[in-house]
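Colleague: So you can see what is in the structure, the chains are spelled out below.
There are 2 protein chains.
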Amino acid sequence: MAKEKKQPRPKAETPKGFRDYFGTEVTERAEMLRKIAGVYHLYGFEALESSAVETVEALGKFLPDVDRPNEGVFAWQEDEGDWLALRYDLTAPLARVYAQHRNDLPTPYRRYAMGPVWRNEKPGPGRFRQFYQCDADTVGAPSVAADAEICAMLADTLEQVGIPRGDYIVRVNNRKVLNGVLEVMGLDEGAQRDAVLRTIDKFDKVGESGVRELLGKGRLDASGAYIDGVGLSDDQAGPVLAFLTSKAETAARTLDNLRAAVGESAIGLEGVQELETIADLLEAQGYGPDRIVIDPSVVRGLGYYTGPVFEAELTFEILDEKGRKRQFGSVAGGGRYDDLVKRFTGQAVPATGVSIGVDRLLAALREKGRIGGTVEGPVVVTVMDRDRMADYQHMVGELRRAGIRAEVYLGNPKNFGNQMKYADRRGAPIAVIEGGDEKERGVIQIKDLILGAQMAENATLEEWKERPSQFEVPRAQLVEKVRKILDGQGQ
Amino acid sequence: MAKEKKQPRPKAETPKGFRDYFGTEVTERAEMLRKIAGVYHLYGFEALESSAVETVEALGKFLPDVDRPNEGVFAWQEDEGDWLALRYDLTAPLARVYAQHRNDLPTPYRRYAMGPVWRNEKPGPGRFRQFYQCDADTVGAPSVAADAEICAMLADTLEQVGIPRGDYIVRVNNRKVLNGVLEVMGLDEGAQRDAVLRTIDKFDKVGESGVRELLGKGRLDASGAYIDGVGLSDDQAGPVLAFLTSKAETAARTLDNLRAAVGESAIGLEGVQELETIADLLEAQGYGPDRIVIDPSVVRGLGYYTGPVFEAELTFEILDEKGRKRQFGSVAGGGRYDDLVKRFTGQAVPATGVSIGVDRLLAALREKGRIGGTVEGPVVVTVMDRDRMADYQHMVGELRRAGIRAEVYLGNPKNFGNQMKYADRRGAPIAVIEGGDEKERGVIQIKDLILGAQMAENATLEEWKERPSQFEVPRAQLVEKVRKILDGQGQ
Numbered sequence: 103m104a105k106e107k108k109q110p111r112p113k114a115e116t117p118k119g120f121r122d123y124f125g126t127e128v129t130e131r132a133e134m135l136r137k138i139a140g141v142y143h144l145y146g147f148e149a150l151e152s153s154a155v156e157t158v159e160a161l162g163k164f165l166p167d168v169d170r171p172n173e174g175v176f177a178w179q180e181d182e183g184d185w186l187a188l189r190y191d192l193t194a195p196l197a198r199v200y201a202q203h204r205n206d207l208p209t210p211y212r213r214y215a216m217g218p219v220w221r222n223e224k225p226g227p228g229r230f231r232q233f234y235q236c237d238a239d240t241v242g243a244p245s246v247a248a249d250a251e252i253c254a255m256l257a258d259t260l261e262q263v264g265i266p267r268g269d270y271i272v273r274v275n276n277r278k279v280l281n282g283v284l285e286v287m288g289l290d291e292g293a294q295r296d297a298v299l300r301t302i303d304k305f306d307k308v309g310e311s312g313v314r315e316l317l318g319k320g321r322l323d324a325s326g327a328y329i330d331g332v333g334l335s336d337d338q339a340g341p342v343l344a345f346l347t348s349k350a351e352t353a354a355r356t357l358d359n360l361r362a363a364v365g366e367s368a369i370g371l372e373g374v375q376e377l378e379t380i381a382d383l384l385e386a387q388g389y390g391p392d393r394i395v396i397d398p399s400v401v402r403g404l405g406y407y408t409g410p411v412f413e414a415e416l417t418f419e420i421l422d423e424k425g426r427k428r429q430f431g432s433v434a435g436g437g438r439y440d441d442l443v444k445r446f447t448g449q450a451v452p453a454t455g456v457s458i459g460v461d462r463l464l465a466a467l468r469e470k471g472r473i474g475g476t477v478e479g480p481v482v483v484t485v486m487d488r489d490r491m492a493d494y495q496h497m498v499g500e501l502r503r504a505g506i507r508a509e510v511y512l513g514n515p516k517n518f519g520n521q522m523k524y525a526d527r528r529g530a531p532i533a534v535i536e537g538g539d540e541k542e543r544g545v546i547q548i549k550d551l552i553l554g555a556q557m558a559e560n561a562t563l564e565e566w567k568e569r570p571s572q573f574e575v576p577r578a579q580l581v582e583k584v585r586k587i588l589d590g591q592g593q
Numbered sequence: 103m104a105k106e107k108k109q110p111r112p113k114a115e116t117p118k119g120f121r122d123y124f125g126t127e128v129t130e131r132a133e134m135l136r137k138i139a140g141v142y143h144l145y146g147f148e149a150l151e152s153s154a155v156e157t158v159e160a161l162g163k164f165l166p167d168v169d170r171p172n173e174g175v176f177a178w179q180e181d182e183g184d185w186l187a188l189r190y191d192l193t194a195p196l197a198r199v200y201a202q203h204r205n206d207l208p209t210p211y212r213r214y215a216m217g218p219v220w221r222n223e224k225p226g227p228g229r230f231r232q233f234y235q236c237d238a239d240t241v242g243a244p245s246v247a248a249d250a251e252i253c254a255m256l257a258d259t260l261e262q263v264g265i266p267r268g269d270y271i272v273r274v275n276n277r278k279v280l281n282g283v284l285e286v287m288g289l290d291e292g293a294q295r296d297a298v299l300r301t302i303d304k305f306d307k308v309g310e311s312g313v314r315e316l317l318g319k320g321r322l323d324a325s326g327a328y329i330d331g332v333g334l335s336d337d338q339a340g341p342v343l344a345f346l347t348s349k350a351e352t353a354a355r356t357l358d359n360l361r362a363a364v365g366e367s368a369i370g371l372e373g374v375q376e377l378e379t380i381a382d383l384l385e386a387q388g389y390g391p392d393r394i395v396i397d398p399s400v401v402r403g404l405g406y407y408t409g410p411v412f413e414a415e416l417t418f419e420i421l422d423e424k425g426r427k428r429q430f431g432s433v434a435g436g437g438r439y440d441d442l443v444k445r446f447t448g449q450a451v452p453a454t455g456v457s458i459g460v461d462r463l464l465a466a467l468r469e470k471g472r473i474g475g476t477v478e479g480p481v482v483v484t485v486m487d488r489d490r491m492a493d494y495q496h497m498v499g500e501l502r503r504a505g506i507r508a509e510v511y512l513g514n515p516k517n518f519g520n521q522m523k524y525a526d527r528r529g530a531p532i533a534v535i536e537g538g539d540e541k542e543r544g545v546i547q548i549k550d551l552i553l554g555a556q557m558a559e560n561a562t563l564e565e566w567k568e569r570p571s572q573f574e575v576p577r578a579q580l581v582e583k584v585r586k587i588l589d590g591q592g593q
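These protein sequence lines are chains C and Y, in that order. Take the first sequence: its letters are residues 103 to 593, numbered as in the numbering used here. Take the second sequence: its letters are residues 103 to 593, numbered as in the numbering used here.
Simulated from the structure, these hints should not be mistaken for lab results. Hints may be right or wrong, so weigh each one.
You can't tell identical chains apart in this list, so a pair holds if it fits in one copy or across any two.
[Unchecked claim] List of simulated lysine to aspartate or glutamate pairs, EDC-like, C-alpha gap at most 16 angstroms: (1) 137 x 582; (2) 118 x 181; (3) 118 x 184; (4) 224 x 180.
Work out the full structure: start from the sequences and follow the hints.
Modeller: Right under this line is the structure:
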């Protein structure tokens, strides 16, 4: 040891863009994912946990998220030469898994997956380079009954985790309808078609008039910069706008509008027919337009998917960082992508699926008061006499056997103030005290820390006297009294 | 597209040494970890999920696992210059997290962590480069009450996941006692001391006589190679062997033997005293030697830890790959390591903890029939008329609302045989059939696939007639009849 050079101390920091999750951040997420898995399981989906590391070759590059088109992956080269990388989503690994194991898997293969993914991109506020995804996909089912099932399951999932009916809506669109619209416009392919697709992607942000301008001559954006338009005439732009704004009071009307927008286009009519089938299937199962609705204004991912596209939005209002009311917005999205494993096998395999934004949904549940706010801290048994540690351990043992979370203070017990500070930091609802005097008399002191904190804030002297937050009980009543306080029934 | 060069198809394979986990492999592990987390939570431990990626600088290199001393990490360099790596265990990240957040964390800090870790080592049979760990540690508690708590919690955990009392034993040893033994031998440091430590590590494999030979002149190993010994005389080797074989009928006797082995060594006597305190604390809480026992033959990790060392062994017998009976063996281990965050802060912080071998414990539960074997497959509703998909979806909806896992066949329904093959591959307990004829008569066919499989194997013709595995019931009795079969009450 003496011969080693002194190294400078390492910095105790996560890499830039990474973070740690503590306590309820971990357990609340786990609990939410468990509930989601329960719904997926009920629908016949099977869990899959693929390896976090893939060969770069197998991973390929087909990111669905149009908001982040330029991110890379974390990759490194093996000693023997293969390039490996951390998965950047759960879809690319599904493609590899299905291609690798297709002879052993049932067809159709319904699978769900939940876990971290990694993106090698510039981190920003609230944007991390490791985050959770939670996906469900059906591989090998060409029928749109599979898409309808995913939509129904998504609605059930949101309700199961705690989003009440009326606070969410699943919107369904179809890429084939858009293809039909582009076909009747004579924009089957080419640069102008791509420009139109990129413009449609902005519908969320700039609305109907914005898209109209961008499809035409161009538009001044919020920053004052002038954005060149695609250069279509108003007439030419008409079908696109008709498509985007075709949502009507009823599904039947919406479908009529879409039929008008696609004219004679075969692919367009096929798309409308698919939406009609989905609407019928869902209606027959009781998923009305209050839960799942045909809505051609859903454009997110429309460039990536090949058929039906879905998005789940939470419709309740929250205050944004500037105190303005706005809808909570999207928490899940997905759709049909029919080339999933073609890269590997040469055969097109139909697939459809959905991805839940785990952090967004958790934030929504917090917003709705569905998680957080409950007492999570343990009962802390203080140490008044370090030679009687066995007695204190005995107390926590009794409490735990009664299902009550409890711990002994294991730091240096000399300073009682430190023990109370510790209990405070632990969010302990109750501290238990048994000094030599109490031991002799067969009693313990119970300190109601929640009541104590409330009293400290706003109690009068009379109230302090009437309802002391610390009181003495026989040692034998430890569990009983602690439970009474935890149940909110006072002393 | 036409302009792109044809790329060769990528191989659909996990990287070497990685694997995927399917269905119950995922859910059984998740359920086991959930139960473990429940016990840890009850003991006041807080969840921590640190980032999977660390800077190489922060990660350092202090692998506890003496069986795999040479493994590396998966590492890569960031564009800006930092080297990043995947965590290789959950202890090194804990050190970084505690050093980074110590002002916001309670002291002592009890935390648990569960998740994958990665090792860049040569894969072998059953040895993967990504696997799960499940750790609980207490940081900042110098008292051996913390070690005793970990041992008690480990015993509770094993029982909670399904290892009955009597089928496991937690053994406790103490590095300080060994240090005392080495001190009385005059082997405080130096090459001979290290050779003795390495020899002790082999006690598991070669036993008392093997260690005696290896401490002396040397030994022929099983392969016929001669292993040079450390070169101690029988007298000199005595204290080490006395230490290793000091376990007696009672803890008091064992402690007496250890006291004799360490003689006047202060550190050795401190170690014996610690073991005595641990034994007393555990005894007082009802953890007798049938669950937790002082056993100086536990040498795994003794070179890494600085104080108490623990190991949980499953004592029931299994057949090894050659059909020989042997004990199931170790499923968890840990101990005290008092220099956890010193690298970062310069301050020694005491810590003690345990790591459960997730895959080993899962294998044990499978061995004991605690997991697996239950019906997991969904009820499969077949599609006899593809235009009546809504009817079939309605059936699965009813089943799911009753909490019964169910799915509609979503492949091409033309060939009924394929639908039954699918149900078989899904492990479906029941198939439901409703053709046009049944629809008209208001009935459905229920096919008991589990009974069917049993009958197919060994039923007589009479039994086939008496107990048909397919029968007709009114459509309205779908849920009721399916549940009856699933509950094992027949038709």
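Colleague: Okay, which hints does this one fail, numbers in order?
Modeller: 1
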